[in-house]
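Could you put the whole structure together from the sequences, leaning on the hints where they help?
As they're listed, the protein sequences go chains D and F.
So the first sequence is numbered by the working numbering: it starts at 1 and just counts up by one.
So the second sequence is numbered by the working numbering: it starts at 299 and just counts up by one.
No wet-lab data here; the hints were simulated from the structure.
Glycine included, each C-beta is placed from N, C-alpha and C at the ideal position.
Hints are supplied without guarantee of correctness; some may be wrong.
Said to hold, decoys possible - Computed, partial: chain F to chain D, Cβ under 10 Å:
no. : residue
1   : G358
2   : G383
3   : P404
What the hints assert, rightly or not - To spell it out: a stretch of chain F is covered by chain D in this simulated footprint if at least three of its residues, at any positions, have a beta carbon under 8 Å from a beta carbon of chain D; those stretches are:
no. : segment
4   : 315–322
5   : 426–440
6   : 477–487
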Amino acid sequence: MLLDFALPAHDRKLIPEGRLSGQTPWVIAIMLFLTLLVAATGLSLFDAVQKGGEDLAQQATLQIIEPDPVARAAQKVEVSRILRNVAGIAEVNPVPDGDVRNLLKPWLGNDVIDTDIPVPALIDIRFKKAPDDATLNALKARAQKVAPKIRLDSHSSWMAPFFQLMSSLIYLAIAIFMLLLIATSAVVILAVRSTLNTHRATIEIMHMMGGTDVQAARLFQRRVALDALLGGAVGFAAAAGVILTLGGRIAAVEPGLLAGASLPVYGWVALAIIPLAVTGLAMLMARWTVVSALKKML
Amino acid sequence: MQSVVEFDNVGLRYGTGAETLTDLSFTLYPGSFYFLTGASGAGKTSLLKLLYLAHRPSRGAIRMFGHDAITLPRDRLPGFRRRIGVVFQDFRLVQHLSTFDNIALPLRIAGILEKDLQSPVTEMLDWIGLTERADARPATLSGGEQQRVAIARAVIGRPEMLVADEPTGNVDPEMARRLLQLFEALNRLGTTVIVATHDIHLLQEIEGAQMMRLDKGRLSDPTGSLRHPPRPLVLKN
Numbered sequence: 001m002l003l004d005f006a007l008p009a010h011d012r013k014l015i016p017e018g019r020l021s022g023q024t025p026w027v028i029a030i031m032l033f034l035t036l037l038v039a040a041t042g043l044s045l046f047d048a049v050q051k052g053g054e055d056l057a058q059q060a061t062l063q064i065i066e067p068d069p070v071a072r073a074a075q076k077v078e079v080s081r082i083l084r085n086v087a088g089i090a091e092v093n094p095v096p097d098g099d100v101r102n103l104l105k106p107w108l109g110n111d112v113i114d115t116d117i118p119v120p121a122l123i124d125i126r127f128k129k130a131p132d133d134a135t136l137n138a139l140k141a142r143a144q145k146v147a148p149k150i151r152l153d154s155h156s157s158w159m160a161p162f163f164q165l166m167s168s169l170i171y172l173a174i175a176i177f178m179l180l181l182i183a184t185s186a187v188v189i190l191a192v193r194s195t196l197n198t199h200r201a202t203i204e205i206m207h208m209m210g211g212t213d214v215q216a217a218r219l220f221q222r223r224v225a226l227d228a229l230l231g232g233a234v235g236f237a238a239a240a241g242v243i244l245t246l247g248g249r250i251a252a253v254e255p256g257l258l259a260g261a262s263l264p265v266y267g268w269v270a271l272a273i274i275p276l277a278v279t280g281l282a283m284l285m286a287r288w289t290v291v292s293a294l295k296k297m298l
Numbered sequence: 299m300q301s302v303v304e305f306d307n308v309g310l311r312y313g314t315g316a317e318t319l320t321d322l323s324f325t326l327y328p329g330s331f332y333f334l335t336g337a338s339g340a341g342k343t344s345l346l347k348l349l350y351l352a353h354r355p356s357r358g359a360i361r362m363f364g365h366d367a368i369t370l371p372r373d374r375l376p377g378f379r380r381r382i383g384v385v386f387q388d389f390r391l392v393q394h395l396s397t398f399d400n401i402a403l404p405l406r407i408a409g410i411l412e413k414d415l416q417s418p419v420t421e422m423l424d425w426i427g428l429t430e431r432a433d434a435r436p437a438t439l440s441g442g443e444q445q446r447v448a449i450a451r452a453v454i455g456r457p458e459m460l461v462a463d464e465p466t467g468n469v470d471p472e473m474a475r476r477l478l479q480l481f482e483a484l485n486r487l488g489t490t491v492i493v494a495t496h497d498i499h500l501l502q503e504i505e506g507a508q509m510m511r512l513d514k515g516r517l518s519d520p521t522g523s524l525r526h527p528p529r530p531l532v533l534k535n
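Structure follows, in structure tokens:
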């Protein structure tokens, strides 16, 4: 393929430079710009799901739903002590009561929180590795010996719908990515067919002089490769600009769910490979189109 | 004598129409020179297309260079075509290539290195008197100049068989004679030459020229050359 690309200068003249070009590189640039944005979105989501999912799967929150504030405080201390002695637990962080009240104030108001409603005590737990249901049940049973009214929630369970949505978006990104690749291939095929029609007389002459289908295909492959490389470079530059700008905006957002949505290094490598892969794909499509068309000639 | 081309009961039909060529049976021998004549529409160009493998016949058998040309796989056609030089009636020069590049085209297709083709192409340009127009595009050449380029392109690779469709139709008598000399020189080197022409004077230029005559797609053999090896050629002074 690479050898096919490196045609001698005199062979390049057989199909005039610039004829195939025209609008083709710009259409390829637009297609690649969209392809790269979709790929970047998919890769960022994938990275966020990987990191966030792994992180959340290691976390759980234990609620002590004891109405008596004194007993609740004592149970909180005791349960925390028990949890710190469990082998698979990396961190135990009892959430200060003030923080819990602050979380609820926007919904319930200051007065109600301070007087009427018994606010549960919370203990954040981080496991060394994601616990299974049996581990969680065993832990719950152990805590219930000192605090009967507790609830243990794995973060991964209540975040599951969010990650299912993220996974769906990743599949959607993959589908759009594939559709854009198909559309880009179609653009290349149409451009090659158009050029083939324009230069049919030249190709026929080459045939009559003993030129092979592959010799003719090489001429088109080279032009398509140059167009795809030019379009790819423009598309990549534009997409990189957009991704960097959006990345900066996302980084400025308060840490939360969006914080994990950044393009990882391997994502940039993948994005850089895509224009080259599209160039290779375009050359293959050009070769296939030309050889298929020429096979209809004698 | 080993034949270059053998036609056996060949017919050619375009689509579902009547046969353009009917029951052609003849043998062409190496190193011989044939004129193909006939009225317009007699089928001369169609016969030449069969000879330069642009078409396959509708029926009959064709052997070329000792091989069955009918069943020849498509991927072997280029190798056979490189052994045939063609002068098209409408020249078919590549419009965006210079005179030099048009003439060099068959050599480049055959994979001849650039350093090895400079000399023969320059010589050929000199032969046809177009050295000064080496960089000119076909559109800027006169009809006669384009025809000379087309002929130079056909003979540059020293083909085993040269097929020319009205090759002197657009040149003056002196240039026609020079081109015939070129064909004759090539013929002496062993190339089988088939020239389709209306020009009765051309037929008289070469002594002992073998003549094939087409009439409504059927072939007659006025000189009897098609079934018997021809005599050596002599170009009249």
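Here is what the structure says about each hint:
1. G358: Given a least distance of 17 Å, the restraint on G358 of chain F is violated.
2. G383: 9 Å, holds
3. P404: The hint holds - P404 of chain F has a Cβ within 10 Å of chain D, the shortest such distance being about 5 Å.
4. 315–322: violated (count 0)
5. 426–440: violated (count 0)
6. 477–487: violated (count 0)
Comparing the model with each numbered hint stated earlier shows that hints 1, 4, 5, 6 do not hold.
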